[in-house]
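Protein chains: 2
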Amino acid sequence: MDTDKILLDHGSGGKISHALISAMMLPVFQNPILEKLNDGAELRIGAERLAFSTDSYVVDPIFFPGGNIGDLAVNGTVNDLAMCGAVPLYLSVGMIIEEGLGISDLRAILHQMGVAAKSAGVQIVTGDTKVVPRGAADKIFINTSGVGRIPDGVEVSGQRAKPGDRILLSGTIADHGIAILTRREGMMFDAPIVSDTAALNHLVQRMLAVDPDIHVLRDPTRGGLGTTLNEIAGQSRVGIRIMEDRIPVRPEVAALCELLGFDPLYIANEGKLVAFISPERADAVLAAVRDDEHGKDACFIGEVVSEPAGRVFMQTGIGGMRIVDMLTGEQLPRIC
Amino acid sequence: MDTDKILLDHGSGGKISHALISAMMLPVFQNPILEKLNDGAELRIGAERLAFSTDSYVVDPIFFPGGNIGDLAVNGTVNDLAMCGAVPLYLSVGMIIEEGLGISDLRAILHQMGVAAKSAGVQIVTGDTKVVPRGAADKIFINTSGVGRIPDGVEVSGQRAKPGDRILLSGTIADHGIAILTRREGMMFDAPIVSDTAALNHLVQRMLAVDPDIHVLRDPTRGGLGTTLNEIAGQSRVGIRIMEDRIPVRPEVAALCELLGFDPLYIANEGKLVAFISPERADAVLAAVRDDEHGKDACFIGEVVSEPAGRVFMQTGIGGMRIVDMLTGEQLPRIC
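Chain order of the listed sequences is A and B. Numbered per my numbering, the first sequence spans residues 1 to 336. Numbered per my numbering, the second sequence spans residues 337 to 672.
No lab work stands behind these hints: they were computed from the structure. Possibly wrong hints are sitting among the right ones.
What the hints assert, rightly or not - Derived coverage of chain B by chain A (criterion: at least 3 residues anywhere in the stretch with Cβ under 8 angstroms from a Cβ of chain A; other residues may be distant):
# : region
1 : 443 to 450
2 : 480 to 494
3 : 610 to 623
From the three backbone atoms N, C-alpha and C, an ideal C-beta is built for every residue, glycine too.
With the rest of the complex left out, here is chain A (with noise of 0.2 angstroms):
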């Protein structure tokens, strides 16, 4: 492998990227905030206490089923700023834009950040835009950056999960990741998979409602669920075990990830959330989650073990048990 350059996988979400962040960024940028390695910072200011987080989107296509670039890239922020168990409040929008952009895809791109933005509760206050030549972008970057308040008492962190808690995902696995796949490839179905790209801070509301010591939650974006729940285990020094036959995947992506030889687990999601909650408050607010629209097909997956720390398993369908390890490699790059 060739060291001296930047590959497709460092981009990944999965080891490679870690490796390279860990290596290259922590000991550069070094502060105790940026350490702790969640979805977004958790700030100080004043008596605040603030949740700040960015991201940049590169997904190709920039339309697919079920959204665009624009409103994917309001929701993930979002969703970055709701894992802090924030609320989020406003969204910066920095566009880099390639010359020769058809107006028109630039004003549906807006209109989707617009209704993206108002429907999750967020104001978009300030933004720049850069122009590039024919050639030294692909069609539109876009990176948000947001600000959140964190109620007091909500202690969210991926470093808090504890032998015990149960484990909770939102929703069916990898409809983003192969909607882009498909609609990349040009595969067509009479009911093409659409992607689940989509705000959750409404929802995570409605959990810290009902349990405000939520330990962890995380939305499993790029490297899929296997990645995520790899980075909890190995942040909260814990054990993770997972059950196979309950995590939802439809039928339509799960035959597509079979056929093109994909693992579900590694595929990204952009509106489905993981959480770690206390066994006695776990069922309360599972029933919160499950009256939530984008909660409805949400279940427990597996719970967290003290042993051996750092790793997850996964029992599998046949009842044997097999490593889930973090993604190695990239296998569908630009999905976010």
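For chain A, the structure is supplied; the task is to place chain B on it using the hints.
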């Protein structure tokens, strides 16, 4: 002109950029914070007044005399926050990297970001890295967003220029744009023209210590001093008069501008500011600016008048008067 597609001019920071923002973005994202069109948004969260800003950097080349895309990105957002009168505190970094970028180049960029952040006294607390296939971006694009705290009593805004205000410029203009241009074109000089990229937040704090009621602060980046003054004249509905022979331009920069047919008034700066100050406080502020390493060449370049509102006039070196309009068209793409 093909108006169906995005043109390089849309990213110029000049007239057509403003038209794009006014026509397409403000209606979709409508809210009073965005509509102020300052360098950053002013937010109220609980008891705190915060500034929030974003900028994407697509400069070409990524290494240039005086800096690289890394410190440029940190300084740029630090400055946008400072121009809101805020003390910059926290930055996010979103990188879009083209597959194949040299790891050593990335390391040099990250190093320079760390140096710039330390020098400005800000923390980089959250980030995101995307990698796109070769040809889908040009080496590296960096978005930085930032959060700062606005001290009580400070009310800096592009809408607060008042007739009688004196206009302070902190130093020579056009250094950054011309430094980028000469490097891009491979022009070699015994003493290269060096970008002025620098964080101005400490300078702004000195200024606000002398006069907490400074009316307007802005850094004349894309579109240059000419465009910035037009923005302020428009936002405040005042006239602006400047004197050409007061505006400092390095002789070698002036010579190159003349040779290449560029007007230094429209060339980007990355370490300069303009301030609009009540006449009673102006001399004291100027003295404070000149005490700062980034303000040694500071001077007054003109003043605010009541009529004609929205217009900028310049008394030329030979005594005539000419209108200074916003930049029309893009003269130097990808300078930041």
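### Query
When the hints from earlier in the document are held up against this structure, which numbers fail?
Violated hint: only 3; rest satisfied.
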